[in-house]
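A.B. asks: Here the protein sequences come in this chain order: A and B. Per this note's numbering: the first sequence = residues 142 to 280. Per this note's numbering: the second sequence = residues 142 to 280.
Hint data in this document are derived by calculation from the structure and do not stem from the laboratory. Worth double-checking, as some hints may not be accurate.
In silico DSS-like pairs for lysine-lysine, Cα to Cα no more than 27 Å straight-line [claimed, not checked]:
1) LYS275(A) with LYS159(A)
2) LYS216(A) with LYS159(B)
3) LYS219(B) with LYS250(A)
Number of protein chains: 2
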Amino acid sequence: MTIEQAKKKALELIKKSKTCVLATVDKNGFPNMRAMMNLKNDGLQTIWFSTNFSSIKIAQIKKNKKGGVYFFDEKMFKGLRLIGEIKIKTDKASREKLWHPGFEIYYPKGVNDPDYCVLELKIKAGNYYQGFEKADFKI
Amino acid sequence: MTIEQAKKKALELIKKSKTCVLATVDKNGFPNMRAMMNLKNDGLQTIWFSTNFSSIKIAQIKKNKKGGVYFFDEKMFKGLRLIGEIKIKTDKASREKLWHPGFEIYYPKGVNDPDYCVLELKIKAGNYYQGFEKADFKI
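Turn these sequences into a full structure, and let the hints steer you where they fit.
C.D. replies: So, in structure tokens, the structure goes:
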């Protein structure tokens, strides 16, 4: 599998994934994971997530911006590992870009809820595998 | 949800999971994830995995033993985050304990294949969530 093929398949996997796993690093250096809704990405450059500003991950990202995202299809034995740095965004444009109808379940005050914020992961590198084939790439 | 209820549900989630996600921390401090077969655990104390000794995760664990495991059921909105330290085991008892028929696909030389080894995660702490309920626990 060439790097170009891996990147193409990586984008296909992101497109069909409803969720992914986001990892941050806690204050003691342990990787902490949680499932996240797959909402928006700009190719393999940037991935955005919505989250509660009061969540533990925000406290972790404030101290350590290094993160990772993992998309996978366990039945098809496909996976995409991405690493990069995470920014916490609370500006109006970011809030509106990620807002979806129904988000009031998580953020009762709507798009301006002070507990709503956006995470922006700028991807530095990745690895895509399918069966026994895999390829590393830099972004 | 009490801590005891969370631990009970955590064990139920492990039991019914075919795979989970294992995170290690690379030499630059970024969390790296990959799906792993869910093979064996001793309650919420220890989880074991089989892997290729030549894999990148082994090089990462040699430098940084801090790891995490994540089990989740995206449809039921349930997840279990565990953190702890990982040991690389190559002894006969560990090899035999984790060996499954068919593993020759990954380790052609069988249970004594030099590229076969076992990872042992000793769990320190965890978090279980189900819907909007969650609980942290220490092990």
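A.B. asks: Taking the hints in turn, state whether each one holds.
C.D. replies: Cross-check of the supplied hints:
1. Between LYS275(A) and LYS159(A) the CA atoms are separated by roughly 23 Å; this keeps the pair inside 27 Å, and the hint holds.
2. A C-alpha spacing of about 10 Å is found between LYS216(A) and LYS159(B), which places the hinted pair at or below 27 Å, so the restraint holds.
3. Annotation: proposed proximity of LYS219(B) to LYS250(A) holds, straight-line Cα distance about 25 Å (limit 27 Å).
Violated hints for the displayed structure: none, as all numbered hints are satisfied.
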